[in-house]
Structures are given as structure tokens and as C-alpha cells.
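Protein chains in written order, with the numbering used here: chain D, 1 to 252; chain F, 1001 to 1355.
Hint data in this document are derived by calculation from the structure and do not stem from the laboratory.
Keep in mind that the hints are not guaranteed to be accurate.
Stated by the list, open to error - Dumping the calculated DSSO-like pairs for lysine-lysine here, alpha-carbon to alpha-carbon at most 30 Å:
id	chain 1	residue 1	chain 2	residue 2
1	F	Lys1068	D	Lys170
2	F	Lys1313	F	Lys1287
3	F	Lys1125	D	Lys175
4	D	Lys175	F	Lys1176
5	F	Lys1094	F	Lys1166
6	F	Lys1352	F	Lys1014
7	F	Lys1352	D	Lys171
8	F	Lys1033	F	Lys1313
9	D	Lys84	D	Lys171
10	D	Lys159	F	Lys1166
11	D	Lys222	F	Lys1094
12	F	Lys1287	D	Lys175
13	D	Lys129	D	Lys63
14	D	Lys63	D	Lys73
15	D	Lys35	D	Lys129
16	F	Lys1166	D	Lys222
17	D	Lys96	F	Lys1284
18	F	Lys1287	D	Lys171
19	F	Lys1313	F	Lys1284
20	F	Lys1165	F	Lys1176
21	F	Lys1287	D	Lys96
22	D	Lys222	F	Lys1284
23	D	Lys170	F	Lys1165
24	F	Lys1035	F	Lys1068
25	D	Lys175	F	Lys1033
26	D	Lys171	F	Lys1176
27	D	Lys96	F	Lys1166
What the hints assert, rightly or not - Examples of chain F residues toward chain D, derived with CB under 10 Å:
id	residue
28	Ser1013
29	Ala1131
30	Val1134
31	Tyr1173
Where a beta carbon is used, it is the ideal one built from N, C-alpha and C, also for glycine.
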Amino acid sequence: MDSTSQTSSKSQPIAAVLLSRAFDPEESKRILAEKIQQRPLFLCPSSPPPSDARAARRREREKKRLSRKKALKPKPLSANERRKLRLYEVPGSGQKYALFEPLHQLWLGYIREILGNEIYTGGEGAASKLTSADFHGAEVEVVRSGCVSRVGIRGIVIKDSRFTFEVVTKKNQRKVVPKEGTVFRIEVPLATATVTTTTEEGQGDDQPLPQQQQQTEAEQPKMIFEVHGEQFQFRSADRANKKFRSHFSKIL
Amino acid sequence: MLSFPTPSVYQASKCFVTYGVMGHLDPNQPPTKSKPWSTVAGQDFINRAELIIPQEAFDVVQKILNEKAAPEFKRVVMSLHDIFSGDFYAEYIKKGDIMMLSEGRKGVDNVFTLRNGILTLFLDKEAYERAGLVGKPDGVKGKRGLKPRWVVEVDLTGPSMVPGKKGFDRLIYASKNALGTPVTWLFCNLSSTVPDPDPFPPHYPTNCTAEPSVLQNIDAVLPTLTPPVDAMGPEGRDELEYFSTDLYEWLSLVRLQSPRVLVGDQIDPYLCRYQVPGDGQQSKICKVTWQGFLAPSWCRQTLLNLVAGLPSKTWFSFSTTTFSKGMAGDNSEVALFRPQGASGEYVMWEIKSHE
Chain D
1 MDSTSQTSSK SQPIAAVLLS RAFDPEESKR ILAEKIQQRP LFLCPSSPPP SDARAARRRE
61 REKKRLSRKK ALKPKPLSAN ERRKLRLYEV PGSGQKYALF EPLHQLWLGY IREILGNEIY
121 TGGEGAASKL TSADFHGAEV EVVRSGCVSR VGIRGIVIKD SRFTFEVVTK KNQRKVVPKE
181 GTVFRIEVPL ATATVTTTTE EGQGDDQPLP QQQQQTEAEQ PKMIFEVHGE QFQFRSADRA
241 NKKFRSHFSK IL
Chain F
1001 MLSFPTPSVY QASKCFVTYG VMGHLDPNQP PTKSKPWSTV AGQDFINRAE LIIPQEAFDV
1061 VQKILNEKAA PEFKRVVMSL HDIFSGDFYA EYIKKGDIMM LSEGRKGVDN VFTLRNGILT
1121 LFLDKEAYER AGLVGKPDGV KGKRGLKPRW VVEVDLTGPS MVPGKKGFDR LIYASKNALG
1181 TPVTWLFCNL SSTVPDPDPF PPHYPTNCTA EPSVLQNIDA VLPTLTPPVD AMGPEGRDEL
1241 EYFSTDLYEW LSLVRLQSPR VLVGDQIDPY LCRYQVPGDG QQSKICKVTW QGFLAPSWCR
1301 QTLLNLVAGL PSKTWFSFST TTFSKGMAGD NSEVALFRPQ GASGEYVMWE IKSHE
């Protein structure tokens, strides 16, 4: 199809006039004919695909943007929505200390495995391994705090968020302890305290045996370490790869 | 202190002079609320008490002092946890009336005091944060929120301070974990009865008695011992000031057993320009000193006995000094002087350190 725009007065189209200003008459006539009057109008512009590099890059960019938009749909929840949906709340029936005891035992095994021989020597090596360890299931006790009412809280960690530890105490209470300005103490008993008893002897022997077990628990050597919450304010997932440098501490 | 604002830098001790008249002393109802008696009884732990009398009155004083036994106190090594446990707590603290002071200086170490059933802990920042007891910041206010030292006050006579209750359990936790080191305490039993199964022996206390030590026949030059006549009114303020300053200086020199107040003292005025004010009257005087862990109620009672027992023609001076407080080691003091004459007048000096 021809696409021409004609002015009423001039005999020549305005494009020809302009072209004749820039190019010599033959050239201008050729350009007018090939590129303007007989310009091809593609019915399907993108097929065959343009071999132009610029267009190819542009296509890539567009495709990426669209796919990223798709990934965010559905959008991640805002903090208010999360709170309303109560995704991270532990229901009343779930707040039992006894429920988390096996988790604690699992955690003890996990920590002993991580520390290996460092559990006997302690010091720098143990510290670097512990910083990247996960603390869900650890039994922590608040030992020192800028807010004095927190001192003495003791329980199993059920959630380790960026700024707080959520803890279930022996009295089945869920307490949220902020990490700022607090020092937590964690004890890891060295050997497993299970005493396998043979029940062949009968009832009479059961009574003195639990006493023995209690005695061995109290005398058991433990590895005790203290965690400064101020330096620990990272989510447990982020902490795995973090290099810890010693920072000036306000409380010390 | 009177209503002065708390200073932010060290300030020297201040001396307050009172010139007044003691009311009539009724032996059945000893006075507690009026001026010289309430000041003496209002001090906390008293370290030293001194009495200066003319030599003639010494026999009378000897008789008065022999009526009552010398004050006794104990020195014991215990940890704070021992105070809260078992018999000691039930007998002495809950039922009895005691006074205890632990070793250390208040601005520097962790000091614990127990008086009138109120346990006060003076802690530094780490001990306070580890203890977990609620307290108030101690010392200089301001300093951009640093709050390096804390005071915790606990009333142990309350009904909730019983093993099993939450508040008391927090105390026990603190005494086991943060404040668990055994320290040396001075202990004084204010009541006259000792509980029968005495809970003390497991801690091996050392019993000490503050026997009066007497220095007799000091040949001294006396200053003017009568207050100026118009000292009561507002015009006589300056005179009262001079008189009281001179007299206090002389009394302090006698207490220090300084040779400057002795008869025939000749010292080069280049070394010391002190001269006993007044007309240079010479007399023999006598000084009695008690040193130890004394109760302010004992001091008040002794003062009462002296005022009642000594004839009004003798003058005497009685002073009590507390234990030193704070980093600078200042202590506070109350000194009283009763001039001769029947009017029952007295001059009292209260030295208060700023802490």
C-alpha cells in the first residue's frame, strides 16, 4: 500500500521536498520510492524474529520482567497480614514443655555432633562452630540483662527470629525474650544420661535406680557457654554463613 | 541532707550547728523525737563514740557506764545466701532486730547493709544486671544514661518475703548466682534476747566487745566553755559561729589526742599557729572511747544516761562517728556539747558527707 501525504498546494509530496534538500535528486527519488512510498507494512512484526541485536536484548529484558512479576504473584505477606493470619503463633495446646523435650534431646545430639572434640576443649574453635549452629530446641537461661525482670527466664527455644528468642518455660508459658542487651547461658551435658536397666530383678530394684540416675545427672560434666544476644541479632538462617567480628558492646 | 540538689561533682562535707535546749527528761518516757535524740538515733552504723569530761566527773561516769554492759557485736564470714536460709532468716531477721554491714566501700565494691529489716544492696552495673532485682540508679544523675551503679532495697519484714513466694525466690536466685561470694559482715543484735537454738555457730562468728578505752588526767588548756550570751537571737549569729567553730576545733583536737591542747605546749609558730582560744584556763580532762560496730540506739541511750546522771555543773561532750561511705571515705558525725549550768542548753554539730 502506498502511504502518501499530499499537501493541497504543492505538486510534490512534502517528503520529497525535504529529501531533495538533503540528497541529490536521483537519490531522493530512490529513497522516496523505496523507503516511504513502498514501505512494507508487516502484518506479523515479530516473525520472522528480528536479527537485530538491540531488538533481541530488548526482548530478553521484557521476558525477564514479566517472569519476575509472575514470581511475586502472590505478593509476600506484610507484617500486619502475617500477624493477622497468625501463622507463627503456637496454639495453647502446643505450648507444653513436655512436647519440646524430645526436640531438646535432638538438639543436644546435634550440638554434640557439631562440636565433636571441641566440647572438651572449648574456646575459639567451639565458638566459631556454635555461631553457625541453629538454636531451635536449645534450653537457654537468661543470665544477664539490661531489663532486670528478664533474668532467670529458662526454657526451650521454639522460634529464633532476628531480634528475639521465643521460649517455652517449664510452667508451659511462652515467653518472648528480646536479644538486645541480654546474655543467654546454654548448658550441654557431655555424655548421654540414659541408663539402660534390666528389669529382670523386678520391682524392688526400680526405686534405688532413679536415684542413681539423678546423681549422675548432677555430677555430669557440662559444657556451658554464654551467648551475647546483642551480637546475635540475625535470623538463624542468615547466621549460618555470617562471619562474626567482635563489636564494641554497650553492656560490657 | 536538707533540700539541696544532688551534686554532680564531689563536694566537701557540710557541718550544721544547732544551739538549743534539751527538754525535761522523764526517765519513764525517754525522748525520741526531739532534736538531739533523733539526730543521734537517726544515723546508720556507728563506728566510734567518744566522751570528753572533766576529770572530777570521771567517777560518776564510771558508775553510769558500769550499769550497762559494753556493746557487743560479731564479725562473721557469710554469703548473702546464708542470710536467707533457714534458721538465721527465721530467727534473726523475721523475729529479731538486727543490724548488719558487709565489707567494702560503697562507691567501689558491692556492699550490702541490713537495717530495720530493710536489706540494701549497693551494686555495680554487672552485678545488678546479673542479679535481676529491681533497683534505682545510684550516684550522679545524668551522664547520658550510663547509670553505672545501682541500689536495690528490699523490705525483708513484709509478709511476702517468705520462701516460696515469687519475690523472695528472685532474691534467692540472685544471691545464689550473682551475689554468691562470701563476704565478711559485722553483725549487731539490737534486741536483748538471743534466740535459743542460736543459728550462728555454723558460720563461726568472732565475738567482739567494744570496751571503753579511757585516757585519764590529760592536762589541757580549756577554751571558753560558755556559749555567748546573745547567741540565741539573730544578732548573735556571728558570735555563735565563732564560738562553735572554736569549740569544735578544740574538741576535735582533744579527740585526736593532739599535743597542741596540752599545758606547756611550745611549738614553733612557723609549724603550727593554733592557740587555744579563751583565757587559757587549765584543767584535767578525761576521754572515753568506744570503737566497733555500735548501734545508734545504744548511743542515744548512753547519751540519755549521761545527761540524766551527770550533775549540771559539769560540762561534757559526746560524739558519734559513722563508718566511712563512698569512694572518698567521708563519714558523718554528730557531736554534742553540754555546757555547765542548769539550763539544759546544748550545742550540736552534725557533719554530713554529700553521699
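Of the numbered hints stated previously, which ones are contradicted by the structure, given in increasing order? 1, 7, 11, 12, 13, 15, 17, 18, 21, 22, 25, 28
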